[in-house]
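Enquirer: Residue numbers (the working numbering), protein chains in the order written: chain A, 1 to 247; chain B, 1 to 555; chain C, 1 to 204.
Think of the hints as simulated: they come from the structure by calculation, not from any bench. Glycine included, C-beta positions come from ideal geometry on N, C-alpha and C. Be aware that one or more of the hints could be misleading.
What the hints assert, rightly or not - Part of the chain C face toward chain A, derived, beta carbon under 8 Å:
(1) Ala8
(2) Met11
(3) His24
(4) Ile41
(5) Ser43
(6) Val49
(7) Leu54
(8) Leu83
(9) Val86
(10) Leu119
(11) Leu126
(12) Ile136
(13) Ala189
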Amino acid sequence: MNQLELIGLVFVIVFFGLMLTLAILSRTRPVRQFREIQAFTRLRHAVGLAVEAGNRLHLSIGRGNLIGPQSAVAFVGLTVLDRIARSTMVSDRPPVVTSGEGAISVLSQDSLRGASRAIGAEFDPLRGRLTGLTPFSYVAGTLPVIYDEDVGANLFIGSFGSELALMNEAGERAGSLTLAGTDNLSGQAVLYATAEEPLIGEETYASGAYLGAGAMHIASLRAQDISRWVIISLILLGALLKLIGVL
Amino acid sequence: MGEIFCPMCGKSNPAESEVCQFCQARLVPLVFSPAESEPPEAIPEEMPSSIDAAPTGESDWLLGLRSDEPIPSEESLADVEAGGLEDGNLPSDETHISADDVPDWLARLPGESPQEAEAEPLSDWLKEETGETEQPPSKPVEVSDWLSHPLPDEGQVESSESESELAPGEFPSWLEAIRPVKDEPQTVSARGTPERIESAGPLAGLSGVLPAEPDHVRPRKSPTYPLELRVSANQRIHADLLQGLIESEGRAQPLPQRRGISSQHVLRWTIACVLWGALIWSVITGKHEAPLPAYTEETAEVNRLISQLPGEARVLLAFDYEPGLSAEMDAAATAVVDHLMLRGAYLTLVSTSPTGPILAERFIMKTQSSHHYTSGVNYVNLGYIPGGAMGLLSFVENPQRTLPYTLDTVAAWESEAHAGLPALQGVQHLNDFELLMVIVDDPDLARAWVEQVQPQLNEPDTLTSLVMVTSAQVEPVMRPYFEANPRQVHGFVFGLRGGAAYAQLTGRGELPRVYWGPYGFGLVVAALLILIGGLVLSSVSLLARPPQVKGEANQ
Amino acid sequence: MKATFYVAIAMAIGLIVLLGYFLHLDLLANLRVVLLEWAVILSAVALLVGTANLFYVHWRKFTTTQPNGFYSAVLIISFVITLGVVGWFGPTHAYSMWIFNNIQVPIEGSLMALLTVLLAFAGVGLFRRKPNLMSIIFIGTAVLILFATGPLFGINLPGISELRAWIAQVPAVAGARGILLGVALGTIATGLRVLMGADRPYGG
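Put together the whole structure using the sequences plus the hints.
Expert: Below, the structure is given as structure tokens:
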């Protein structure tokens, strides 16, 4: 094991320990509230409105595969799907999920099936779809869902590139709320300019904690906050040492 | 049939009733029997605490007037006088008094007239409730007939009906004795307030006497309030809104028609026409030829590495971009791949994208047709590596096992059974290639290549270099890999600008030259559109915003 | 019971792959290679499953006469033709290349061109929708890079190329690094949650 691998392993173990510790502590001590993210506030309203107004929620989980770095943001999208599916399956128009990767589409159907089973509703496998295998074909297949299926709110949480602008624009033209978050830098750049409620950087990864997905989500978010400050301190310290000639 | 008006509530009762059927007040005064009364021996200084022990020598009428409750003290009597009798002090109904002994003062007790009730001012708390600071002038209200006539003299009614029973009362001598003279001045109570002096009846002239009919039980007309509701302007607006909402309930509302052409549509079309018009005009007329840009260090490194390749070098070429960005990527990579082919390199094509292998074939046919490269001879297309980064890792660790065949299902690698294709002869591992070139448009994919490939390339005695031809959007992410020490990527060509610079270096590559002029013109037009359009739109929206009404702002 | 079994499998395999990456033990390395190969195969199979799902969705849309079912019919027909041609003649045959060169590439290129217009439109309206300092910086930087990247009608403004290079190499790289660090932390957290079984996007 070389030096870099050792540092990586230590970091992973420390992070894991931090998450566990924070999760255990949160049971005994009250958890400090996180800062408000407007996107999640509007998402909660949109979910309630979708059930009452008979609109549909559309969740798109992107095109990141499950065996690459984009799998993490795809899992976040699946967590969001699980949270909102249980709330909106009872409505006249259950949510529809689109994705640009085969394994993600299978998992999205699985999540919808579980939510349906939990509330005793009938499961329609067509609610979870693969709409295209390339970025633009994925967008081309998703646009009809936004325009034609009476969507009240669009949630784009996954790995998207700059093609995300086309979906945001479609949502705006259809008069539905668009909330988007991606791990891709190009995607985030177009998000800022086109989405109503963009999630920039790691705000996407905070979705589970803000939607009440469990204590471990909150603990992991707090661990991320702590780790971020540690990394910032190390970077500043390293830059300073480099500046004064020590490093 | 005659009727009696109750002195307490003012309601009409049958004449023969002794008690009001509404408020249970006595209609017939108590009758005092003169034979039973005895002249008092003396006025006791202290009133007895209980009437159960009747003082000796007291008149029967007085006994009869007493209730079963303890007789209140002087102070409480004064309080009661001020506030009126409480119910507990009312005489018992069982006490019988002969009709002859009804004193005149009792018979003459008047009821309060409606006019007096109307004239009485409102209490402060009532004024607050009604929101009025002044008593509004009461409207002349229609008064019932029974109320418009003054209450009949009860003494007259009672005397007429019970004339046979009642006799004019005679004051006992002791009462006569304590009655003050009329001219005596008004006394003042211990509180300093002028005391009420009884003006009629046997107790005429006495002060501090409990009124026979306390103020609070006198029938009076309830104060009238103006019937007109005062509504403020804001309340009127809210009421109208509520009324509108209720009226519209149940009525099907027509859905708002979506305007076919809105200002947003017009703006989009305008931007599209300006951009596309500028580019098409530039391409057709060819008037915007511009000098190619100067090369940068990372581009020069690519040129140096390719120039130093031996003849018939084995080069791994990854086509990892999407068809949508093929215009930019083809223009960026043309001059570079052309340089490779000029050096006579054998190319092995792979891709982690499903459309990559086809794009590679298209690239070779469209942009490098002059070199007459033949599949299976000069280059081999191994096809698609499934599994993303994991598939890439698998290919890096064992390329023969991951992609054993070409796109045309021909065994590609050298083995005991097969000689292997020329492009892969002598190649067993990744670091057997002289150069790895990745043509990629996505920053995450570019990083995945670097992260998976670098461990292999870092092994000792490895001379394989890694270079990348990327889209312009990848530059901020990948530049640190070039600037790192040691370098993880040995050279870059970033976007059309890099491709044009490379064409400037090699003096070859038609595609970037053709695109460079219109590309630059399009960039300038886009920049001007954003700048001017943004300023105009922002100014228009600022000017069109209605000024805030102060009242609304305060609300 | 089922859920516990799935979680146990996920945790075990995740741990083996993770430890196999850091610890260079033969057993772990061999296991890791096998598991990764299985993952690659499953990923390819999932691609086929997703394609079948795509076909089925549009078949249902067409046969149940839902709105815009005509476009679903076009997709089904195109799917069948392409599958037939490429499957019969091979992916590098002239017919297969014709479909790719004359249908897929132009369509995707057109969508990319449409994206250009949309981004220009979004840039024009950005300050109106979000009137704050960040929007001004965003638009200003975009305009500067656009001016400095192209030839600018042959005019060589002094310092503009250097400014563009500085923006691309310093603040842009720094911002990208910062965002990537945050994304990496989020990725680690998500991965560990799945490893611990706290996040179960599988098994319903």
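Enquirer: For each hint, tell me whether it holds in the structure or not.
Expert: To see whether the hints hold, each was checked on the structure:
no.	hint	in the structure
1	Ala8	violated (17 Å)
2	Met11	violated (12 Å)
3	His24	holds (6 Å)
4	Ile41	violated (11 Å)
5	Ser43	holds (6 Å)
6	Val49	holds (5 Å)
7	Leu54	holds (5 Å)
8	Leu83	violated (13 Å)
9	Val86	violated (14 Å)
10	Leu119	holds (6 Å)
11	Leu126	holds (5 Å)
12	Ile136	violated (13 Å)
13	Ala189	holds (4 Å)
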